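Fit chain H to the known structure of chain Z by using the hints.
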Amino acid sequence: MFASSAGMLNRHQKQVHALDGIDLDIYEQETLGIVGESGCGKTTLGRTIIGLIAPTSGQILFDGQDLVNASKDAKKSFNREIQMVFQNPYTSFDPRFTIIKCVSEPLKIHTNLRGAALTKRARELLEQVGMPGEILHRYAHEFSGGQLQRIAIARALALNPKIIVLDEPTSALDVSVQAQIINLLQDLQRQFKLTYLFISHDLSVVQHISNRVTVMYLGKIVEQNTSEAIFEGQAHHPYTQALLSAMPSVVKELRRKQIILEGSVPDAANPPKGCNFHPRCPVAMPICSIAEPVLDNSGAGHPVACFVVNPIEKSTDEMIQ
Amino acid sequence: MTTVAPDLEIPIEDIKAGKRVTEYHLMWWAFRRDPLAVLSLVILLGFILGAIFAPNLTPYPEQGRGDPNLLEKFSPPNQGHLLGTDYLGRDVLTRILYGGRSSLAIGFLVVIVAVLIGVPLGAISGYYGGWIDNLVMRITDIFLAFPPLLLAIALASALGASFTNTMIAISFTWWPWYTRLVRAQTLSLRERYFIEAARSIGVPSWKIITSHVLPNVMTPVMVQATMDLGGAILVGAAVSFIGLGVQPPLADWGQMVSIGRIYFIERPWYAGSAGLAIFLVTLAFNLLGDAVRDAADPHTRRVVDVGR
Numbered sequence: 005m006f007a008s009s010a011g012m013l014n015r016h017q018k019q020v021h022a023l024d025g026i027d028l029d030i031y032e033q034e035t036l037g038i039v040g041e042s043g044c045g046k047t048t049l050g051r052t053i054i055g056l057i058a059p060t061s062g063q064i065l066f067d068g069q070d071l072v073n074a075s076k077d078a079k080k081s082f083n084r085e086i087q088m089v090f091q092n093p094y095t096s097f098d099p100r101f102t103i104i105k106c107v108s109e110p111l112k113i114h115t116n117l118r119g120a121a122l123t124k125r126a127r128e129l130l131e132q133v134g135m136p137g138e139i140l141h142r143y144a145h146e147f148s149g150g151q152l153q154r155i156a157i158a159r160a161l162a163l164n165p166k167i168i169v170l171d172e173p174t175s176a177l178d179v180s181v182q183a184q185i186i187n188l189l190q191d192l193q194r195q196f197k198l199t200y201l202f203i204s205h206d207l208s209v210v211q212h213i214s215n216r217v218t219v220m221y222l223g224k225i226v227e228q229n230t231s232e233a234i235f236e237g238q239a240h241h242p243y244t245q246a247l248l249s250a251m252p253s254v255v256k257e258l259r260r261k262q263i264i265l266e267g268s269v270p271d272a273a274n275p276p277k278g279c280n281f282h283p284r285c286p287v288a289m290p291i292c293s294i295a296e297p298v299l300d301n302s303g304a305g306h307p308v309a310c311f312v313v314n315p316i317e318k319s320t321d322e323m324i325q
Numbered sequence: 002m003t004t005v006a007p008d009l010e011i012p013i014e015d016i017k018a019g020k021r022v023t024e025y026h027l028m029w030w031a032f033r034r035d036p037l038a039v040l041s042l043v044i045l046l047g048f049i050l051g052a053i054f055a056p057n058l059t060p061y062p063e064q065g066r067g068d069p070n071l072l073e074k075f076s077p078p079n080q081g082h083l084l085g086t087d088y089l090g091r092d093v094l095t096r097i098l099y100g101g102r103s104s105l106a107i108g109f110l111v112v113i114v115a116v117l118i119g120v121p122l123g124a125i126s127g128y129y130g131g132w133i134d135n136l137v138m139r140i141t142d143i144f145l146a147f148p149p150l151l152l153a154i155a156l157a158s159a160l161g162a163s164f165t166n167t168m169i170a171i172s173f174t175w176w177p178w179y180t181r182l183v184r185a186q187t188l189s190l191r192e193r194y195f196i197e198a199a200r201s202i203g204v205p206s207w208k209i210i211t212s213h214v215l216p217n218v219m220t221p222v223m224v225q226a227t228m229d230l231g232g233a234i235l236v237g238a239a240v241s242f243i244g245l246g247v248q249p250p251l252a253d254w255g256q257m258v259s260i261g262r263i264y265f266i267e268r269p270w271y272a273g274s275a276g277l278a279i280f281l282v283t284l285a286f287n288l289l290g291d292a293v294r295d296a297a298d299p300h301t302r303r304v305v306d307v308g309r
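From first to last, the protein sequence lines stand for chains Z and H.
Everything in the first sequence is counted per this note's numbering, starting at 5 for the first residue and increasing by one.
Everything in the second sequence is counted per this note's numbering, starting at 2 for the first residue and increasing by one.
So here's chain Z without its partners, still in its complex pose (with noise of 0.2 Å):
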């Protein structure tokens, strides 16, 4: 829940929930995809996972330790277990710095190696992402984008961490470097024992590299399932529906039948009674407006936030009559 100010001296608080009643389960070194549209919660998710910002309720357990009340120790520790690569590679570097000095800056903060040991580490990381060594006295701006997110794991790669949070790390980049970059991710999972958590809304991309596949919208999970199934028709929320008729296929018989969404997602700071989705969905239901859906195994034998898969039970109908 974050608090969005307004007006003068910040008199009249709104209060925006970017993320509400998130239930999330990562386990090791397996991918969990995030899809969802703009603005639904799915960069938040991964900024207050790596402790960019502290959510005003909740809990993160890391190996059973709450991130969000942990010491300034623990803290420190944890920032060693959980990187992040960002959107855009661009901006990821500063442009004063040359690129050792952007890779070693988490070993400077967080180890004792110092001087040649601090440039063998980096070459080595470089070398891990299929960088050349001799680009350590050159500067971020000297780099295509393909590069830079290359150099950008190699941060995140810096403190051997668990998980790494990749935020739309391929987004920014062209089509033929988007597969590099993947492969590359794959590739370091399997030699690291990497866990990822892999925010996107190119859903072919998520399709491709994820195990579990998570779907937002507007602050909340609706639909969770491994990959395959959301991927080949075990999609039951009727917004995960929608995301997946808007997948592009050479393949005719792939190809779904279109289902458009009318209208535009609803302001966070003011969303719609009842259901999130109730405004835009083709199949809402008069309760749909009226009670919240919860996540839910029962319909679907996964867990899915929507009335019409799950059976409403029945004091929930009687206190609509």
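Simulated from the structure, these hints should not be mistaken for laboratory data.
Bear in mind that the values here come from a model prediction, so they are computed numbers and not experimental data.
Accuracy of the hints is not assured; some may be wrong.
Unchecked claim - From the derived model, a few chain Z residues whose C-beta atoms are all more than 12 Å from chain H:
id: 1; residue: Asp29
id: 2; residue: Asp67
id: 3; residue: Val72
id: 4; residue: Asn83
id: 5; residue: His114
id: 6; residue: Ala120
id: 7; residue: Thr123
id: 8; residue: Ala162
id: 9; residue: Ser302
id: 10; residue: Gly305
Stated by the list, open to error - Below, simulated DSBU-like cross-link-like pairs (lysine-lysine); rule was C-alpha separation at most 30 Å, straight line:
id: 11; chain 1: H; residue 1: Lys208; chain 2: Z; residue 2: Lys112
id: 12; chain 1: Z; residue 1: Lys76; chain 2: Z; residue 2: Lys112
id: 13; chain 1: Z; residue 1: Lys79; chain 2: Z; residue 2: Lys105
id: 14; chain 1: Z; residue 1: Lys79; chain 2: Z; residue 2: Lys197
id: 15; chain 1: Z; residue 1: Lys105; chain 2: H; residue 2: Lys208
id: 16; chain 1: Z; residue 1: Lys166; chain 2: Z; residue 2: Lys76
id: 17; chain 1: Z; residue 1: Lys105; chain 2: Z; residue 2: Lys124
id: 18; chain 1: Z; residue 1: Lys166; chain 2: H; residue 2: Lys74
id: 19; chain 1: Z; residue 1: Lys76; chain 2: Z; residue 2: Lys197
id: 20; chain 1: Z; residue 1: Lys112; chain 2: Z; residue 2: Lys80
id: 21; chain 1: Z; residue 1: Lys80; chain 2: Z; residue 2: Lys261
id: 22; chain 1: Z; residue 1: Lys105; chain 2: Z; residue 2: Lys197
id: 23; chain 1: Z; residue 1: Lys80; chain 2: Z; residue 2: Lys105
id: 24; chain 1: Z; residue 1: Lys79; chain 2: Z; residue 2: Lys112
id: 25; chain 1: Z; residue 1: Lys80; chain 2: H; residue 2: Lys208
id: 26; chain 1: Z; residue 1: Lys124; chain 2: Z; residue 2: Lys80
id: 27; chain 1: H; residue 1: Lys208; chain 2: Z; residue 2: Lys124
id: 28; chain 1: Z; residue 1: Lys76; chain 2: H; residue 2: Lys208
id: 29; chain 1: H; residue 1: Lys208; chain 2: Z; residue 2: Lys79
id: 30; chain 1: Z; residue 1: Lys112; chain 2: Z; residue 2: Lys124
id: 31; chain 1: Z; residue 1: Lys166; chain 2: Z; residue 2: Lys80
To be verified - Coverage of chain H stretches by chain Z, computed from C-beta distances (three or more under 8 Å per stretch; other residues unrestricted):
id: 32; stretch: 28-42
id: 33; stretch: 213-223
Ideal Cβ placement from N, Cα and C applies to all residues, glycine included.
Just chain H now, kept in the frame of chain Z:
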């Protein structure tokens, strides 16, 4: 590998030889091609060196320090006194060289003090935001609410008329501009991912400010500082003109114009040459500032993609 617009000679050989090309190299290469920039640099160096070596350059150093020479009162420009003499018979050229000491010193010191106060405050204000930002910005608003010359005059008269007090008074009116400039730059930097990356790694805030924020705001600060040198000298001269600045027997351009204006109709060389000195230095600093700004801006510098 290196594409360079044909109209800018860049030592491509050096780049190929692996020499590192920083932003400042590019700025210097663009700067030295600008004839106005070079001219103003020459004028300024002339005044600065003249002020530093005044005792060695003039045959009348004691007059520069204020000793009268009543036998030669108001002599028009001649062989012994290229710009004539003043109401106490002192050589005007000597007084101008010595006056440059106080005027230029006020300019540089004011800007240095303003940068030292304003830049860190602006970076802190922009980086932390929240109540710190609010507090700092309200304080700068208070200072900016007064007309700068009026505030400087009020402070100088409250502190007492002297060189140091003039300097302090003008610095006081000047720093808020740097705070605002740096704050605005910091706010836009904060949106870039490299600051966020540093934060996510766990780099402490003070270190982010000193190693990421400050180096990246230095270029606009440099441009502003160069332009302000002329302005500060002008305000310093104005404060001295009304008698609240540098006091006789010390020489100062503003003070010379002030005294010389009484005799201006019959003896224009006295006030005229002091005024011309102020005009030249202020103009040169402004042109220099323009040139630094153009050199700092990749669009006007006409260098494309060096080293990519």
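These are the hints, each one checked on the structure:
| no. | hint | verdict |
| --- | --- | --- |
| 1 | Asp29 | 22 Å, holds |
| 2 | Asp67 | 18 Å, holds |
| 3 | Val72 | 15 Å, holds |
| 4 | Asn83 | 4 Å, violated |
| 5 | His114 | 7 Å, violated |
| 6 | Ala120 | 20 Å, holds |
| 7 | Thr123 | 16 Å, holds |
| 8 | Ala162 | 9 Å, violated |
| 9 | Ser302 | 38 Å, holds |
| 10 | Gly305 | 37 Å, holds |
| 11 | H:Lys208 to Z:Lys112 | 12 Å, holds |
| 12 | Z:Lys76 to Z:Lys112 | 18 Å, holds |
| 13 | Z:Lys79 to Z:Lys105 | 23 Å, holds |
| 14 | Z:Lys79 to Z:Lys197 | 22 Å, holds |
| 15 | Z:Lys105 to H:Lys208 | 14 Å, holds |
| 16 | Z:Lys166 to Z:Lys76 | 20 Å, holds |
| 17 | Z:Lys105 to Z:Lys124 | 13 Å, holds |
| 18 | Z:Lys166 to H:Lys74 | 86 Å, violated |
| 19 | Z:Lys76 to Z:Lys197 | 27 Å, holds |
| 20 | Z:Lys112 to Z:Lys80 | 13 Å, holds |
| 21 | Z:Lys80 to Z:Lys261 | 49 Å, violated |
| 22 | Z:Lys105 to Z:Lys197 | 26 Å, holds |
| 23 | Z:Lys80 to Z:Lys105 | 20 Å, holds |
| 24 | Z:Lys79 to Z:Lys112 | 17 Å, holds |
| 25 | Z:Lys80 to H:Lys208 | 15 Å, holds |
| 26 | Z:Lys124 to Z:Lys80 | 24 Å, holds |
| 27 | H:Lys208 to Z:Lys124 | 24 Å, holds |
| 28 | Z:Lys76 to H:Lys208 | 17 Å, holds |
| 29 | H:Lys208 to Z:Lys79 | 18 Å, holds |
| 30 | Z:Lys112 to Z:Lys124 | 13 Å, holds |
| 31 | Z:Lys166 to Z:Lys80 | 14 Å, holds |
| 32 | 28-42 | violated (count 0) |
| 33 | 213-223 | holds (count 3) |
In this structure, the hints that do not hold are numbers 4, 5, 8, 18, 21, 32, in rising order.
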